[in-house]
Amino acid sequence: MLTSIDKLLQSGCDTESKHKVCRSRGGESCAFDGAMIVLQPIANAAHLVHGPIACCGNSWEGRGTLSSKGSLHKIGFTTDMTEMDIIYGSEEKLYNAILQTYESVKPKAIFVYATCVSGLIGEDIETVCKKAEAELGIRVIPVNAPGFVGPKNLGNRIAGEVLLDYVIGTGDLPEGDSPDSTASLHCARKSGRAPYSEERLINLIGEYNIAGDLWLVEPVLKDAGIRILSRITGDAAFEEITYAHKAKLNVVVCSRALINIAREMERKYGIPYVEVSFFGKTEMSKALKVISSKLKVESSKIEAIIAKEEKRLQERLKTYEHLRGKKAVLYTGGVKSWSFISALLDLGIEIVAVGTKKSTFEDEEKMKEILGQDAPLIEDVTPKNLLRLLKENNADILVAGGRNQYLAIKEGYPFVDVNQERHTAYAGYDGLVNLAEQISNGIRFYSNQQSVNSHTQSLCEARSAEAISKDKGLLRFARNDRQGNDVLINPLKHSQSIGAAIAFQGIHKALPIIHGAQGCTFLGKVLLTKHFREPIALASTKLFTENVVMGSEENITEAVKGFIEKNNPELIGILTSGLSEVKGDDAASAIKNLKFKIQDSRCQIINVATPDYEGGLEIGYAKAVEALLHIAENSFTVHSSQFTERQINVIVGSHLTPADFTELREIIESFGLRSIILPDLSALDGSRQGLSALSLGGTKIDEIKEMSKSEFTIAIGASMETSAKQLKDRFNIEYKALESIAGLRDTDMLMETLSMLSGKPIPQKYERQRRILIDGMRDAHFYYGSKKICTALEPDLSVQTSRWLEEMGAEVFEVDVNKSALFSIEGDFDLLVSNSHAEDTAKRLGAPLYQMGFPVYKVLGNNHRITIGYWGTLTMINEAANLLAKEVHQ
Amino acid sequence: MKVAFATTDGVNVDEHFGRAGMFAVYELTNDGYKFLEMRKFADGRDSAIEETKGLGQVHDDRVRSKVDKLADCKIVYLTEIGGPSAARLARKGIMPIKVKEVVSIEESLRMLLETVKKLPPPWLKKAINSE
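Note that the protein sequences, when read in sequence, are chains A and B. According to numbering that gives the first Met the number 0, the first sequence is numbered sequentially starting from 0. According to numbering that gives the first Met the number 0, the second sequence is numbered sequentially starting from 0.
For reference, chain B alone in the conformation it holds in the complex:
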């Protein structure tokens, strides 16, 4: 199961979904996790979504495009997310996880793995075992 993290530095979950120019993608299994790739959307801040807010369909196109490129992930960690993006993710069965404050990707994965090993919610167990 793939998990994505909105990040500016590749180390922390520290960015808004729309603004994130980079997502770190990891593979999570019952036994552990490993880094797969850094999925890049822009150098630094991704202004594609932010700057097109209020521009109707142009904005929607950008949201859809970004969501589609993360569609193979089951969970996406971020600090904040706008309504349209959240709706798109939910429609695709992707769980957006909002962190309350900046946290390291390593720590997030460790906690997630602990949940998987200890007492995973049923959908998570199903998702991780189906791959």
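For reference, chain A alone in the conformation it holds in the complex:
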């Protein structure tokens, strides 16, 4: 084992390695995401995304990096480019946005990121940055990595080049600590603190402090007399990177994508580098030896520290002896796979399969050196095959990225999340204990379905306390100025394509495909998975540079053909992105041509124009519904003009939860009516069965075709009225639009409508619920009187929520989602009703947050929450009242 590890750490590669470059192995996301992953952890710099809403909206607060140097890494800044910006150019807007960003949060520096759309129209962000830099007197740094230039790890490299060109080597060590100053040296000695020149200074490169990994490593390094000068970039301040060139050694942490920084610093500044991993006992001890030998630390000292730490670790791992012999299937982002292999082996876990889709050839060589030449490396990492691997090998656990979590949950396998979205630190000796604990918890839960024991709970509490103490170091920002209009900070808006993708999750055996760079799909999928806690059907045509220059209709053809052959969907929706729209792709005619080529297939293919530089989630969702209704139109035959008795169409907006769909269907059926609900998102409540890349359990295509024969249409949400009118114009079906189906009055309206349609009285069950609601409203109204409540929600949800809040006597202030941002919300509110991103805003306002809308991922149960009808209304009234009551007691 040690011999194998020795080989891993050679900077060259002895084995004959074929040159193997494949885009899919650069990561599933795009270059923009890759660049942002590297730079965003610099938490006292602002990260301004120059593009339409999707690039920022899909990913801010989406990465697990933690920081004690600031909080700007958790704030989303975007220019939110619109169609007018694209036509007339937006360099002036960008300039103003940079100035306004500075005025808002006074960052030490501002990174400005190009995206597909700003890249495609040829925005000169370099010139704008120079001009803004002259005006502000701080660094304003362009990051030219639009998504279409390549995969994620290309973006990683580009970010590395940005740091080399603009940041590293531009600053000096803090005053009083310069190694060249004799006077300073003298002063430093007097203060009893060793000057920098006498310390062993290293930089960490490629460590992002995911879930606090770095904080489990740094104390051990300190013990050894090793001090981290610059962190690139987890837990970094901008200033420390400017003087990274003063370090004695660069330590690259399992991140080949950033090896270019280390190499360039060796050439330019003569700083040697080593490559290490901090995951697992073996790797951590090896890292300490390698680093200290380069820094000329006495080996006896290092050996003593390692012995002490390993002894302590051994003691703590006794609790997890039962993990020995357990079998794991491993599939992580490429550069981390081999290091997690080592960590799992330290725990005595057998690795029965390793997914290598994202791995480079060099990574595979490393894996073979650890596991042996017959290492079980697997190329096919589709959910179906991962499941097969788990079963065939009798595996006990799946170790993978968070997006595979729901695969494991569905099939009852323990799961450990090791990718960038995770919440548990795994680095260093303590990190290995955390990893053991997570694995042990998962296995125990599934074997006996019991809750964790008190011992584990106390460990969790101790760790939480530690996390809280870290939080105390976070900077707090007080706002003095009102934000201008050229930058959105912490945007409320989401892109049209997200909305359309949500609608398609409600169609049975459907697959939405985003026609754009692969990051649009990847980041959108991560966000939707987080919100719904379910596997999400979403694919990409993966546009790259050559598609941007030449044609990309072929991408649509190839993608659609491939998915039809592989997954046999009944419906494919092509969702355009800002990139494909600005480029001028004619997706509609590409689809028309495509239909001729696949005449035999029963798959329906529709096009939905969802550029993210206009509108938002609600509009995108509505456009998808309108496109779906064309299926009904195309299937209409003149001969069968007879209506189907007691059948109604119910067209539902994006503001209902999955559980609401089930509740709605039950309400309708209790009147003896049969409803075709379009779309039907009820299966996202966790009841979906089986594995598929397609959405399952929603409205069937045959049902959509039947909609032309319904007697009536109910549109739920104002955004759905267009679709209802579409059915009326085409099939002469009368409709009623209900802006809200929550609250007493609006639920009464729903019930009366159904009663009128069915000719039946309101069922006793709901009459009783109504009486309960009235009683509950009386109980709760004391907490609502004179209260000011702010809603920051998509329009349909905002209308529905404001209605029942006002019924309770509260004064409601609605924020316009499409024009506003969380950072700009001001007011003396008693309650904020918004999505999970609003947590910090609520703290700033001093009001509790009631989480609703999209995305909701910081509380559990959103998918199972009924927010409509009498029962849903009462639940919400009580939940909000409890928050208000807590406020009163404080």
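By construction, these hints were calculated from the structure, which means they are not laboratory data. These numbers come from a predicted model, not from an experiment. Every residue, glycine too, gets a C-beta built ideally from N, C-alpha and C. Take these hints with a grain of salt, some might be off.
Restraint-style ranges between C-beta atoms, simulated for each label pair [to be verified]:
| id | chain 1 | residue 1 | chain 2 | residue 2 | range |
| --- | --- | --- | --- | --- | --- |
| 1 | A | Lys129 | B | Gly31 | 29 to 37 Å |
| 2 | B | Arg109 | A | Leu376 | 39 to 47 Å |
| 3 | B | Lys68 | A | Glu557 | 34 to 42 Å |
| 4 | B | Lys68 | A | Glu378 | 33 to 41 Å |
| 5 | B | Arg109 | A | Lys129 | 32 to 40 Å |
| 6 | A | Arg226 | B | Lys68 | 38 to 46 Å |
| 7 | A | Leu376 | B | Val101 | 53 to 61 Å |
| 8 | A | Lys857 | B | Arg109 | 51 to 59 Å |
Following the hints, put chain B in place on chain A, whose structure we already have.
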């Protein structure tokens, strides 16, 4: 606007960026294109990058040098390109165009010109008009 093609024979786009010993450089305008020069990096295969892979900064120096010598071009056609080279090109605002199979330079230029005349992406229109 200048366009470069990784080529072994001066006729086809048939070489990997790193290995290409020769790049044919053309001037592209709204009206047409014309040959400018053959930019030579090596006789036959350019082993400077390939053979230094794994040699750290020596390899990086070679990549940088090659990219710098093509920095006046806006588009570079090639059959394949490594990560470090792609990162360098992108940082300089140069678009690397990967062709799926060997194609003639003439055909590539004809298609590119057709795109320019018909429906050029905005950045391309800007690039070609700014010179």
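Hint-by-hint comparison with the structure:
1. Lys129/A <-> Gly31/B: 29 to 37 Å: For Gly31/B against Lys129/A, whose Cβ atoms are near 35 Å apart, the range 29 to 37 Å holds.
2. Arg109/B <-> Leu376/A: 39 to 47 Å: holds (44 Å)
3. Lys68/B <-> Glu557/A: 34 to 42 Å: Roughly 35 Å apart at Cβ, these two residues keep to the hinted range, so it holds.
4. Lys68/B <-> Glu378/A: 33 to 41 Å: holds (38 Å)
5. Arg109/B <-> Lys129/A: 32 to 40 Å: holds (38 Å)
6. Arg226/A <-> Lys68/B: 38 to 46 Å: Given a distance of about 41 Å, which is inside 38 to 46 Å, the answer is holds.
7. Leu376/A <-> Val101/B: 53 to 61 Å: The hinted range 53 to 61 Å is violated for Leu376/A and Val101/B, with Cβ atoms some 32 Å apart.
8. Lys857/A <-> Arg109/B: 51 to 59 Å: Between Lys857/A and Arg109/B, where Cβ atoms are some 55 Å apart, the hint holds.
Of the hints listed earlier, the one the structure fails to meet is number 7.
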